[in-house]
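Peer 1: Spelled out, the chains give:
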Amino acid sequence: MPYSAEISRANPSCFLFLIDQSGSMEDPFGAGGSSRKKADLVADAINRLLQNLVIKCAKEEGIRDYFHVGVIGYGEKVGPALGGALAGRELAPISDIGNLPARVEQRTKKVEDGAGGLIDQAIRFPVWFDPIGHGATPMCQALTQAHTILSNWLPQHADSFPPIVINITDGEATDGNPTAAATALRALESNDGNVLLFNIHLSSKGGSPIEFPDTPANLPDQYAQLMFDLSSTLTATMRSIAQQEGYAASESSRGFVFNADMVSVIKFLDIGTRPSNLR
Amino acid sequence: MHVTARVFWAPKAGNRTEEYEDAFWPASGVNRAGDRFRFAVADGATETSFSALWAQLLVRSFGAGNLRQAHFDASLRPEQVRWHNAVASKPLPWYAEAKVLDGAYAALLGFELYSPYPGRVKWRALAVGDCCLMQIRGDGMVASFPATEAAYFTSRPYLLSSNPGPTLALSDHLRSAGGAALPGDRFYLMTDALAHWFLHAAAAGDAPWRACRTVVQGGARRFAALVEDLRSQHKLRNDDVTFLAVELL
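Protein chains in written order, with our numbering: chain V, 1 to 279; chain G, 1 to 249.
The set of hints was computed from the structure by calculation and includes no laboratory data.
Some hints here could point you the wrong way.
What the hints assert, rightly or not - DEER-style ranges, computed between Cβ atoms: (1) G/Ala-74 with V/Gln-156: 52 to 60 Å; (2) G/Arg-222 with V/Ala-115: 36 to 44 Å; (3) V/Arg-124 with G/Ala-86: 39 to 47 Å.
Said to hold, decoys possible - DSS-like cross-link-like pairs, simulated, lysine-lysine; straight-line CA separation at most 30 Å: (4) V/Lys-267 with G/Lys-235; (5) V/Lys-109 with V/Lys-37; (6) G/Lys-90 with V/Lys-110.
C-beta atoms are modelled at their ideal positions from N, C-alpha and C, and glycine is treated no differently.
Between the sequences and the hints, there should be enough to build the whole structure, so can you do that?
Peer 2: Dropping the structure here:
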């Protein structure tokens, strides 16, 4: 059965994030005069994805390298976008990502107090990316660079759980139709299955959040529909976990969200027992 | 009654011994007469941190007679406090701190043999999650608890948390059972990977209790050989394995 390889330190998988850092990201997110820009949401999305992936891999002795991780930014230029000590690296083990954020902020989070109520808990929140929005949107180039990186990684990890590419964008590529580059990327494979390409589409035009749809019918415009078309379907295991988490996932559900985040995908990955009552 | 018990365990393949996250009680074998015996196995969740410590606290608490079906959630509180005191005592990186806030989770199976009056032996057990108890008599299985078939097992079970909040629904998930025990009965306590194999094999008519009996008679090397054999045939999911074999003589 595909997409059933064990993810372990001896057999790691790979996450590649493509983040749209183009000038259009400076536009406000959603309709109705929101003060937040799309670039703010991109930064939030990638920071939360990295944070959740690190936490998933963390144990008492440190961070277990279940994943190799890369982030490609595309805007004024296309290339590895991590900064600081991680600058210039196409892929790094997840332990390096976790140990080398750009900074760690103090925030508060609501937690259950055991008596049915909620209290504020001080937490430390790592930040790898700040909002950026300059230049055009060379998405085809970013997809092609992802293809190159994974073409080099896959031969050394032939039995891996297939790499997952998550593209965070407003969907308006300026260097052509990204369909061919996306198709070529999804054609790469390990012995366990094809590379998965998921898309997070953030729109200036507003619209309710849509998560893991199985049809483009309710999507507001051509860009969202294109991003839906480029997205791989969820694997059987991901679908099963999504359903247990309360999502209405069908066999055709895509790894695609509109005006929403995709942190839940991290939960859909199986690295061992995860309690059903862990939120 | 006279009871013997032996425990066999192995970490997940690819993990170091120190990374084993199951726990068992008592810590070593048993061979004595008495009126009451308690045994327990627990399975710390892979996705939470300090799970092994939580599993250890749970089995010890059951072994000491502090975890009972009545007021179970209240009797968890001292162990939750112990866990927090142990993990909060040192400075942690941001990700370890986040994991501590999430808490540790574990499945627990507690089993007790007792003699309500001379000549009569009974058993009772409680469970949260997917550790299992099998009662073997002669060449057959007379009971399994809480799972009765391999379909019971999932990678997302409800587990005991070291935080009070997530166990608010505990009464829906705390299972209990009991019955009579006869001389010669064997009670096998297992964590989920081995239990899943056992029930699957039993349903297929393979009488897995015979392989288990061979392990008990053959010792640790026989156990290691069985685990390796089952893993290589993909009949045993790669996970920590714990097998506590109790016999009523």
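Peer 1: Please name the hints from earlier in the document that this structure breaks, with their numbers sorted from lowest to highest.
Peer 2: 2, 3
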